[in-house]
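Engineer: Protein chains in written order, with our numbering: chain A, 14 to 182; chain B, 235 to 484.
Hints in this document: simulated from the structure, not taken from any laboratory. For each residue, glycine too, the CB sits at the ideal point set by N, CA and C. Do not rely on the hints blindly, as some may be mistaken.
[Said to hold, decoys possible] Partial chain A-side listing against chain B, Cβ under 7 Å, derived:
id, residue
1, 34
2, 36
3, 38
4, 45
5, 50
6, 54
7, 57
8, 104
9, 107
10, 139
11, 140
12, 141
13, 142
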Amino acid sequence: MTPKRKQKLFVILGLVSLAAIAVGLTLYALRANINLFFSPVQIAQGDAPIERQIRAGGMVKAGSVSRDKESLDVEFTVTDYVDDLEVYYSGILPDLFREGQGVVVVGELQADGRLYADKVLARHDENYMPPEVAQALEEAGYSPADYQAKAAEVGQRLDEKGVPQANEY
Amino acid sequence: MWAFIHKLGSPKWFYGISAKLQPWFWVAAALLIVTGSLWGLAFAPADYQQGNSFRIIYVHVPAAFLAQSIFIAMAVSGLVFMVWKIKVADMAAAVMAPLGAAMTFVALFSGAVWGVPTWGTWWMWDARLTSMLILLFLYLGVIALRGAFTSRDSASRAASVLAMVGVINIPIIKYSVNWWYTLHQPASFTLTSRPAMPTEMWLPLVMMVLGFYSFFIALTLMRTRSEILRREANKRWVQDLVKDQVEEAR
Chain A
14 MTPKRKQKLF VILGLVSLAA IAVGLTLYAL RANINLFFSP VQIAQGDAPI ERQIRAGGMV
74 KAGSVSRDKE SLDVEFTVTD YVDDLEVYYS GILPDLFREG QGVVVVGELQ ADGRLYADKV
134 LARHDENYMP PEVAQALEEA GYSPADYQAK AAEVGQRLDE KGVPQANEY
Chain B
235 MWAFIHKLGS PKWFYGISAK LQPWFWVAAA LLIVTGSLWG LAFAPADYQQ GNSFRIIYVH
295 VPAAFLAQSI FIAMAVSGLV FMVWKIKVAD MAAAVMAPLG AAMTFVALFS GAVWGVPTWG
355 TWWMWDARLT SMLILLFLYL GVIALRGAFT SRDSASRAAS VLAMVGVINI PIIKYSVNWW
415 YTLHQPASFT LTSRPAMPTE MWLPLVMMVL GFYSFFIALT LMRTRSEILR REANKRWVQD
475 LVKDQVEEAR
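With these hints in hand, go ahead and build the complete structure from the sequences.
Structural biologist: So this is what it looks like as structure tokens:
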């Protein structure tokens, strides 16, 4: 490689790394705004504004969903296995909505700590399996144990770091 | 190895070797995509939660892989062109951009179609979706820059610089689901662990991914060949080649 080409290579690589550092610092500074939702822990800590539209996310707590028989009103608890958030919603829920499912709710947080949702979105995890496999897993008693193991793991990680990680939900 | 790479830089040599390689990639692409899509769409099992809408994965994931890989390929070609002044690299980068933009659009569109039944929304300004939209704009920017200059050399330099700087977006897309809370779930495929789905689900997906890559290579070879003929039209070897072919036709 001729010295001129070598110099050019270094100039280009240097410029690209400088640009990468600039973008990285910007994203780091904006990280709270880039997160799509608040977790129940963050809401319990008082990080989320009250009576302004926010998004909150977590798992629908098992056994917490109660539907009104006369209307579309539904109440459920969103949890990150550390703190809970009570959610009120009136409307059609996505097909994937169920207990133990990840959700993102859009709505206003009230002073009493409940969230009145305008919209409920379902998240899904990265695991895919055929229905028979899922059924077999459930019959073998794996899924509840899974959730407990996950809860313990998240709790432990929280003790170590103090902040929940994004891929836990 | 180095001799081979050096020879690739010669338009004439590239034109010859690509003619031999091209059919193999077309055949591989056709076989893999036909088998993979039949298998994935008709025979692979449905997902326990999402049912049949899960099958969108067989188009969505290969398109998203390709969208990001093509941008990296374009940036590397840009670097090779800027530092070593190899024109074939610039020609390849020029012909890759439209396919990359198309693949980004396919990934965004199939994701939106998938989002309606599973998430309950077709769009959300989360980190993964937004960074992917930025990738589409980067592709459109690269294509527009090439058309914006009357001098081909200035156009090539400008497009190469945008591709090299824009490549910073690729790790952001890749790790957006790990760095921030997003609506999009984390990756099902990683290099370090087993896929998060059984074999009868991921095997057709792997075939589709390889098929898409073969299609990209075949199409890039084909389009680079015509780009070589266009840019080298006043060179002796191209004129001889055309003369031979015209005489053969008579």
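Engineer: Each hint needs a verdict: does it hold in this structure or not?
Structural biologist: Against the structure, the hints:
no.: 1; hint: 34; in the structure: violated (10 Å)
no.: 2; hint: 36; in the structure: holds (5 Å)
no.: 3; hint: 38; in the structure: violated (12 Å)
no.: 4; hint: 45; in the structure: violated (10 Å)
no.: 5; hint: 50; in the structure: holds (5 Å)
no.: 6; hint: 54; in the structure: violated (12 Å)
no.: 7; hint: 57; in the structure: violated (16 Å)
no.: 8; hint: 104; in the structure: violated (10 Å)
no.: 9; hint: 107; in the structure: holds (3 Å)
no.: 10; hint: 139; in the structure: holds (4 Å)
no.: 11; hint: 140; in the structure: holds (4 Å)
no.: 12; hint: 141; in the structure: holds (4 Å)
no.: 13; hint: 142; in the structure: holds (5 Å)
Figure legend: structure checked against the earlier numbered hints; hints not met, in rising order: 1, 3, 4, 6, 7, 8.
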